[in-house]
Structures are given as structure tokens and as C-alpha cells.
Amino acid sequence: MTHQQAERITARVEFAKRGRLRFIGHLDTARAIMRAVRAAGLPARTTQGCSPHLDASFGPALPLGLTAGSELFDVRLAEPVDVVAAREALQAHLPDGLVIRSVRLITGKTESLGAWLDQADYTVHVPAEIMIAPEAVEQFLASDEAVVVRTRGERERAVNVRRYVERLEAFDEPGGGTRLEMTIAITPEGSASAAEVLGLLVGDEAARHPGVRIERDRVYHADEAAAR
Amino acid sequence: MRPEQLVAMLEAELLPQVQKPGRYIGGELNRVAKDHAELDVTLALAFPDVYEVGMSHVGLKILYELVNRLDWACAERAYAPWPDMEERMRERGVPLYSLETFTPLADFDVVGFSLQYELCATNVLRMLDLAGIPRTADERLERGGPLVIAGGPCAFSCEPIAPYLDAVILGDAEEAIVRVLETMREAKRSGEVLSRPPAREALLRQLATGGLGVYVPQFYRITYGADGGVAAIDRRFDDLPLPVERAVVRDLDAALYPTAPVVPLVNVVHDRAVLEVMRGCTRGCRFCQAGMIYRPVRERRMETLLGQARNTLRQTGLEEISLSSLSTGDYSRIGELVTALADELKADATSITLPSLRVDTYSVELAEQVARIKRTGITFAPETGGERLRAVINKPLRDSELLEAATAAYSRGWHLIKLYFMIGLPTETDDDLAAITELIAKVSAARRPHDGRRGGVNVAVSCFVPKAHTPFQWLGFGPQAELRDRIKFLRERVRSKAVKLRFHDPEKSYLEAVFSRGDRRLAPVVAEAVRLGARFDDWSEHFRFERWQRAFDAAGVDPDAYAYRAFPLDAVLPWEHLSPRVDKAFLRAELERAWRGELTPDCRTGGCRFCGSICDV
Chain S
5 MTHQQAERIT
15 ARVEFAKRGR
25 LRFIGHLDTA
35 RAIMRAVRAA
45 GLPARTTQGC
55 SPHLDASFGP
65 ALPLGLTAGS
75 ELFDVRLAEP
85 VDVVAAREAL
95 QAHLPDGLVI
105 RSVRLITGKT
115 ESLGAWLDQA
125 DYTVHVPAEI
135 MIAPEAVEQF
145 LASDEAVVVR
155 TRGERERAVN
165 VRRYVERLEA
175 FDEPGGGTRL
185 EMTIAITPEG
195 SASAAEVLGL
205 LVGDEAARHP
215 GVRIERDRVY
225 HADEAAAR
Chain D
4 MRPEQLVAML
14 EAELLPQVQK
24 PGRYIGGELN
34 RVAKDHAELD
44 VTLALAFPDV
54 YEVGMSHVGL
64 KILYELVNRL
74 DWACAERAYA
84 PWPDMEERMR
94 ERGVPLYSLE
104 TFTPLADFDV
114 VGFSLQYELC
124 ATNVLRMLDL
134 AGIPRTADER
144 LERGGPLVIA
154 GGPCAFSCEP
164 IAPYLDAVIL
174 GDAEEAIVRV
184 LETMREAKRS
194 GEVLSRPPAR
204 EALLRQLATG
214 GLGVYVPQFY
224 RITYGADGGV
234 AAIDRRFDDL
244 PLPVERAVVR
254 DLDAALYPTA
264 PVVPLVNVVH
274 DRAVLEVMRG
284 CTRGCRFCQA
294 GMIYRPVRER
304 RMETLLGQAR
314 NTLRQTGLEE
324 ISLSSLSTGD
334 YSRIGELVTA
344 LADELKADAT
354 SITLPSLRVD
364 TYSVELAEQV
374 ARIKRTGITF
384 APETGGERLR
394 AVINKPLRDS
404 ELLEAATAAY
414 SRGWHLIKLY
424 FMIGLPTETD
434 DDLAAITELI
444 AKVSAARRPH
454 DGRRGGVNVA
464 VSCFVPKAHT
474 PFQWLGFGPQ
484 AELRDRIKFL
494 RERVRSKAVK
504 LRFHDPEKSY
514 LEAVFSRGDR
524 RLAPVVAEAV
534 RLGARFDDWS
544 EHFRFERWQR
554 AFDAAGVDPD
564 AYAYRAFPLD
574 AVLPWEHLSP
584 RVDKAFLRAE
594 LERAWRGELT
604 PDCRTGGCRF
614 CGSICDV
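Line order of the protein sequences matches chains S and D. Quick note on our numbering: the first sequence kicks off at 5 and runs consecutively. Quick note on our numbering: the second sequence kicks off at 4 and runs consecutively.
Chain S on its own, in the form it takes in the complex (with noise of 0.2 angstroms):
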């Protein structure tokens, strides 16, 4: 490392979407937290070139209508920063429903977000209204099919979503209804949404119950966790 060549710094930034909020998209609260790094007055850098930019990256996009417990962020520093001072400062310049849960400073080299962070985890609660037969569980972890056709545009495509599933787990909620629990695996070549397997379970119709909530509890790089 020259002396002109400063070590690279890079924040990361744990935060929830809750509320509402998951009524904008993956742009719209990347461009909410861009603006929160800029107001707060972190020593971002910037991108070179014609149309310079923070120099940021975002993990997977959380589809619209989804809350959210943890999801990153980072974004390249030109010097450290204290980082209880810097979680305040952001939280102070964001809109209702994102919180920022934590800032961590990491040194050197980091992969971008989007091809790091390979597996999240997701719950799924269900009104007492919709029935998951207790078999389909069974049935859906058992079979290594399970075919969702996706439409983009005009186009129709059929889609095998069970290798993404790496987890699926019922259970009956105290007040009625069902909590499912599942672990989807986030590739390269593509991934399952839980909407997806949701609508396998019960159906589609039922799955776009008014009712239906899904929560992406955390989205991470599943050897490091296992490392945990």
C-alpha cells in the first residue's frame, strides 16, 4: 500500500424496512438510505466518471410489499467514522419505517453485497382463514419438483423454485392461523420468492390474501453464518 493509497474502509449498515415503508421498492429505499448517508454528512466516496454516485452497494432486491429485519448496506468511506455517532446521524435523515439496526466498519477488500449475501430467511404468516393441509409441508420438502410459472411482459416461463428451498417449517400460531418458516437460497441462476412457495402450499388465489404477511427476517452469506 502507497501512502497516497489509504486503506480502504468500507461501512456496513444493518437496517429494517417496517410498516408502510414496504409499500416502495428496492430503488426507492436504496435511494432513501443514499440520501440519509449524504444529509447525515459521512465521509462517503463517490464514484469517478461523468455521473458520479456514492460508492455503494445493496444486497438482493426485497419485492415490494415485504418487511424486512435485516438487511445491508455498505457503503466506502474515505476515513473512519465513529460508528454509534454515524447509526444517530443516519436514523436522523430516513423516513418512517427504516432503521438502521447497526454500523460495523470493515477493513480492506469486501465483495459487493449483491453477489456476497447468498441465502436468506423468511417468515410467513398466514390467517386462520387459509388451511395448509399438514401433508403439503411434507409433500413439498419430499418432492424435488416444484414448478411456479413466472410471466415478465408477454413472455411465460416455468421455473423450478425447489432446489432454492434449502428449509420449510409449519407452525400453528397461538391466536390461529399458520407461521411458516423457510430458508431460500439466493444464486446466481436465480432463487425463489416466498410468495412463490406460499402459492404452492395453498394455492395462488390464497396466497394473495389481504391477510398474508411476509417478513425477510435476514438476508446473509450462508457460510459465514455457518462459520457462526
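If you are wondering where the hints come from, they were derived from the structure by calculation, not from laboratory data. Just so it is clear, the structure is predicted and the values come from calculations on it, not from any experiment. Glycine included, C-beta positions come from ideal geometry on N, C-alpha and C. You may find that some hints are simply not true.
Claimed, not checked - From chain S, some residues computed to sit far from chain D (all C-beta separations above 10 angstroms):
no., residue
1, Ala40
2, Gly45
3, Cys54
4, Pro56
5, Ile104
6, Ala137
7, Arg166
To be verified - Residues from chain D that face chain S, not an exhaustive set, calculated with beta carbons under 8 angstroms:
no., residue
8, Leu18
9, Leu268
10, Lys377
Since the structure of chain S is provided, determine the placement of chain D on it from the hints.
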């Protein structure tokens, strides 16, 4: 419906089913939500277009911060829901609500609409309907409901929707709004039941006679003549102003400017911070309504602006800042301001936009200053092709100046230039249109000496609409068929692949002409158009001309008479009683000079022309 119920229904049943639900959830950074139980007066600022358009507008941001600084009042926001949301709200019985506290609009003391363009009239009615507020001022006098007021540039030609409004603020609303709310507060304190007609009328009369630039349409009687025009405009009480004169901020530098504006949650049209460097323009382009109704020119000091820029960016984190005014290139210290800002903002990559520059090489130098951070587009508005016609509209510009500016832009790295033109201007001939095509070709060729290639030119062509309170207010529009011929003429002659031509829809311009020149007899047409499904008429995807034709037929109104009629110079104009403080004699003298092709210099440099505006020149 109570706010908690409303929120529950929104979250469970409405938001998951509509496009871009982020428009409807509020909770943005810097929004102000107060407890209504602790306030004397509540104001809903209603913008009759979708969130992304309304959130881009500066005027309401000023009023929002001004009112929210009062400890006894609040200002909250509401926008027109997109049709998919409107439908679901109607189905579910969810009323139009404010984004701050999810309070139904009908529960506010005052609902204020911002009228930015003529074709928002149907959305105003739809928002009242969706809020469950009686539509007309007469109905509200009988049945009660919030005080429905309006402001913005179209306040000066608001007659077509006047029956739906209780009061209209003419001019700089920040000068009047607090007094309006104070009057409301006193009326509420007096214990009078404002839903009773005498109390409501007394309140309106107080507003109308307070010297605030407040126009109360129901206090003015319009009589129509045998020729179809307005014969007379009378006031119902002697103490009412006639004409009503607009409110004017005298010292713009001292006026409040919001540095903690609400930061939108979804990508909006102008997603950036705005510095209002000055207000008003005295170049005197004869087609331009803004150049007449915002007189005189008032600048903010450079030090004030730099401070406001710093504050705004610190409180919003926005990545772009726009230097806004009717003609930013005319700001007296524009070069210094741009250089100082660019120096300061380069470090954190905050870009600067200059939306309204003059056509000259100096403008290109300014654009290059801001391109140090991020290169944005470059736009010139020659308005028309020939120098003769430019003298008629009083926008003096030599073709050579435009070409020099274009050459400078191409040689400094721009590949694309945007040009604005108008067709259907008074005295325009085929020669003038041919001159437009030649000019476009020359601009494109101006890149040749630089790198041997043709320069890209994006051309936007609009149809001239004669606007109230301008020297051309007496003239008729179009006609439509002729405008279509002119569009064809241009299309056939501009063939270069480097040039993209875009035209404003002549049917929409026609309707704008009807409404910007109209009177109160058009009010039933708006109601009929709403009944037939009209909304978001400024959006091409929603605008249906045949719907309007049916509405005119049903109401028995001939729109041609409104769009095409030329008013005799001694006629009573439908907007005669609404004064932007520019004298009719001045406008008339300007019209006569137009016919003679005589230029009138900017009064800031060329001496006073006695336009009647209050200023220090």
C-alpha cells in the same frame, strides 16, 4: 372514517393492489405531522395531479413550511390518486386523506388547491368528490364543509371553475396565507357556527375586503352580452375590491424559503433540491403569461442563496440542485453563483441544473461550469424561426447568436441540443415555418467543424395559446386545422436522422385555449366532463378529446367561440376583475408594437415602460 381505520383499510386492501403504492403512504423525511387537537386551524394543500408531479412543485413547499412554523396551525398534503387508486378508494368508501395524519380532507378547516395548468380542472372536482366535500361554493354555503381556496398561476384565469371555489389567492400566496388562516382562526374563536350561511358569508367577506389579494367569486356578478361575451362584472358589496389586485412579496430575499422540504419516497418528476434565485421576469416576451403576472423582478442575494443551498442539501441529502426562476441566466450574479456552488458541491458529487438559460455562448460557459460535476442537457428556446417574427413576440435573438451558442456547446462536448419552438404565433407564415426548419438544420450542422459529424437536436414544438393578462390576450387561438397543417409542413421538411421532432397535441392546446380564455359558463362543462370520465387531462394517456366534445354538446356550450374569438380592444375581458397589477394600457401598447414589429427592451436595462407593476425601477 377515523385515521386508524383508514390506515388499516389502506394497508390491507388498497395498497397491495395498486401501482406505485409509495405515492400514498406519507412518512417521508421532513414531513410535519402535528396533533390536530392542539391546533386552531388546519390546512390541506391539495395538488390536482399525481404525487410525482405535485412533489416537484416549489410553491407548495414554501406554503407548507411557512404554515407549519405556526404553533397554532398545520399544513398537510394531498395529491390526486392515480385512476387505479381512485377506483379502489371509491369502491371501498375510503375518502381522500392527507399524507401526514391520514385525516380525511373534509375534516380540514381549509383545503387549498394549487392551479398550475388549465387542464387540471377535472382533477379538482374529482378530489372534492373523493373527499366528500360539496362541489360548489353555494352548496358549501348551505351545507358547510371546509373553506375551499385556490392559488397558482391559473388563479388569474380561474373563471371556468370559479363556482367551485370559495376564495382564490391572486399572486404570491405566502404573502396572504397566514392572514387567511388567522381570519379563519378568529372566526372559529368567535363561536359562530361556520357551517351556517351568515357566518360563512361574513368570513368570506372579511377575506375579500382584507387587502390580501383574495378574490371571492360568489361576490362578483358576471353579465353576458348579446355577442356572447362578458358585458359587465359587478361586485355585490361596495367595499369589495374591483379589480382584485394580486399579493406581492416585496422583499424576496427576506421571505421564507424552505430548506427542509419533504423528500419524496418514490422517484418524482423533478427529484432535486430547488433554489429560487429570483422571481419575475421583465424581458417582456409578449406570449408569456408568467412574464406578466410575476412582475417585477425580485432577486435573492447570492449569500442568501448559498446558505439556502447548504442548508437544503444538509437536511435532505438530495443529489441535485436546480437554480430556478423564469430566466435564471438573467440573475445579476449568475456566473459567480454558479462557480461558487460548483466549487462547493463538487466534493460530494452534488450536481447543478440550470433550467432556463438565455441563448448565448455565455450560457454554454455556465453549463460547462456545472458539467464539471455532472453533464446535463443543454436547452435553448428560440421560440420561432425568423428574426421578424421574434420581433413580433418581443424575443429578440439573432440566428447567428443561436448558432454561435450551438457551436460552442458541440465543441465543448455536448452531442445533443434541445430546442423549443412555438407554432401558430400571430402573423406567422410559411416563411417563418421554413425558417424553423432551416435553423434546426443549421444547429445540427454546427457540430461539423468540431468533429465532422452532425449534432443531435431534439425539438419540442408547442402550439401558441393566447393567455390572459398578456399583450396577445385579445387574439384568437389556432385554428386547429391550420396548426395540423403547420405540423405536417414541419414534419415533411425535417428529415434528418439526427433530429427528433415532438409536437404538443393541438387538441389539448385547443382545450387550454378554451379554458384560459373562458368564463363561468364553462363550469358545467367541467362537471359534465368529469361525469363522462375525464381526469388527468394533462396526461396524453388519459386525455380524450371526444369526451370533451360530448361534454360541450351536453352543456350547450360552443368551444370554438371561446378558443377562436378575438376580443375587441374595448371588450370587457372575462378576467378583467383579476389584476396581476399590469395595466391593460401597457398590454395594449405592447400589442400595437407587436403589429409594427417593434421591440421593447427589458425595463431593467432599457428604461421604464410604465407597465403598472409595483417596483423600484
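Tested hints:
1. Ala40: violated (6 angstroms)
2. Gly45: violated (7 angstroms)
3. Cys54: Answer for Cys54 (chain S): violated, closest chain D Cβ roughly 6 angstroms.
4. Pro56: violated (4 angstroms)
5. Ile104: holds (13 angstroms)
6. Ala137: holds (25 angstroms)
7. Arg166: About 27 angstroms separates Arg166 (chain S) from the closest Cβ of chain D, which puts it past 10 angstroms; holds.
8. Leu18: holds (5 angstroms)
9. Leu268: It holds, given that the least Cβ distance between Leu268 (chain D) and chain S is near 5 angstroms, below 8 angstroms.
10. Lys377: holds (6 angstroms)
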